[in-house]
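Visitor: With the hints as extra help, turn the sequences into a complete structure.
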Amino acid sequence: MGIIDRPFPLEQLFTKNDEYSTESSTQQSKTEKLVYDLFKVVKEKNSLKTIRLNRIAHIKFATDGLKGLHKHWVVLDANKPWLCYWMLHVLDLLGHDITQELISRGVSTISKLQNATGGFGGGPAQISHAAVTYAAVNTIAILGTKEAYDLIDRESLYKWFMKLKQPDGSFIMHEGGEVDIRGAYCVLASAALTNLITPELIAGTADWIRRCQAFDGGIGGEPGLEAHGGYAFCGLAAMEILGKTDLLDVPSLFRWASSLQMQLEGGFQGRPNKLVDGCYSFWVGALFPILEIIMTRQQLKKNDAKCKELDEYIGQNMI
Numbered sequence: 001m002g003i004i005d006r007p008f009p010l011e012q013l014f015t016k017n018d019e020y021s022t023e024s025s026t027q028q029s030k031t032e033k034l035v036y037d038l039f040k041v042v043k044e045k046n047s048l049k050t051i052r053l054n055r056i057a058h059i060k061f062a063t064d065g066l067k068g069l070h071k072h073w074v075v076l077d078a079n080k081p082w083l084c085y086w087m088l089h090v091l092d093l094l095g096h097d098i099t100q101e102l103i104s105r106g107v108s109t110i111s112k113l114q115n116a117t118g119g120f121g122g123g124p125a126q127i128s129h130a131a132v133t134y135a136a137v138n139t140i141a142i143l144g145t146k147e148a149y150d151l152i153d154r155e156s157l158y159k160w161f162m163k164l165k166q167p168d169g170s171f172i173m174h175e176g177g178e179v180d181i182r183g184a185y186c187v188l189a190s191a192a193l194t195n196l197i198t199p200e201l202i203a204g205t206a207d208w209i210r211r212c213q214a215f216d217g218g219i220g221g222e223p224g225l226e227a228h229g230g231y232a233f234c235g236l237a238a239m240e241i242l243g244k245t246d247l248l249d250v251p252s253l254f255r256w257a258s259s260l261q262m263q264l265e266g267g268f269q270g271r272p273n274k275l276v277d278g279c280y281s282f283w284v285g286a287l288f289p290i291l292e293i294i295m296t297r298q299q300l301k302k303n304d305a306k307c308k309e310l311d312e313y314i315g316q317n318m319i
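For the sequence shown, UniProt numbering gives the first residue as 1, with consecutive numbering after it.
Bear in mind the hints are in silico, worked out from the structure with no lab data behind them. Mixed in with the good hints, there may be bad ones.
As the list claims (entries may be wrong) - Result set (DMTMM-like, lysine to aspartate or glutamate): computed pairs, CA atoms no more than 20 Å apart in a straight line: (1) K112 to D77; (2) K49 to D5; (3) K16 to E240; (4) K274 to D77.
Computed from a predicted structure; not experimentally measured.
Guide: Written out as structure tokens, the structure reads:
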């Protein structure tokens, strides 16, 4: 909450709009006013230190969800692996015990979603899809037992990955589906977790992702498309898995990602001139740890090169 701690009035953080209002600028101003009213109360009461994550409530919400959801959630029938992953991930991040009973139930649920032709569907008898396969594999990783790992049919999974692979190095989301950078990330992350990365699988993929980087430094869903926070994460994370981040313009990606943080709300936009959305605290926020790793690695290489040059210089000039 460094925004509230700043030694100047919150009013200075409002977006400075010109005289030509648009629907976007009007909505931004309304949002900032709502946020400002809440922040102002906290600042005036000096109650910042009382704000804490309600860990117990989060754990109860996730554990209750794993017991069963209200009938209204039938709209997420094609998202069962995601629901398992999201709720188990909450428990895992909060250090809550994932019991053997919960592990067995998780394995039983995910097993019903695996198709004989490879990959996982969003629900029983649904076609395999890269995104829900990613969620299923992550769920299995969190469960973390031999019973869970043995569930994955790695041979059929790899064959299915190769069906998604396109000649230009990209991946479709499902057989007959659309190409976008989510497919590359979901396939590569799932393949990395299941030890299925091969030269055949990744051929051309790094170059295809490189072409998805837009003129402003962000990364779009396909070459030539507008940069987007979620796609940027998928692209950068996929390149890190491939060990090919040197193909990206990292400084411009860093500048682009930084520009998406709004100065009053503190959250991130998914694209310039859009409202802050909580999901981008992850999608854009998660770029920075990866970028830090990349830039640290680059600096270490520079330091090593300088040390080597110095050693060679000293060796050449020793009496």
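Visitor: Hint by hint, say whether it matches the structure.
Guide: Results for each hint:
1. For the given pair, K112 sits about 13 Å from D77 by alpha-carbon distance, which is consistent with the 20 Å threshold.
2. Proposed proximity of K49 and D5 is supported: the alpha carbons are some 11 Å apart, at most 20 Å.
3. Distance check on the hinted pair: K16 and E240 sit about 37 Å apart at the alpha-carbon level, beyond 20 Å; violated.
4. Note on K274 and D77: the hinted pairing is violated, with a Cα-Cα distance of about 29 Å set against a maximum of 20 Å.
Violated hints, listed in ascending order, are 3 and 4; each of the other numbered hints is respected by the structure.
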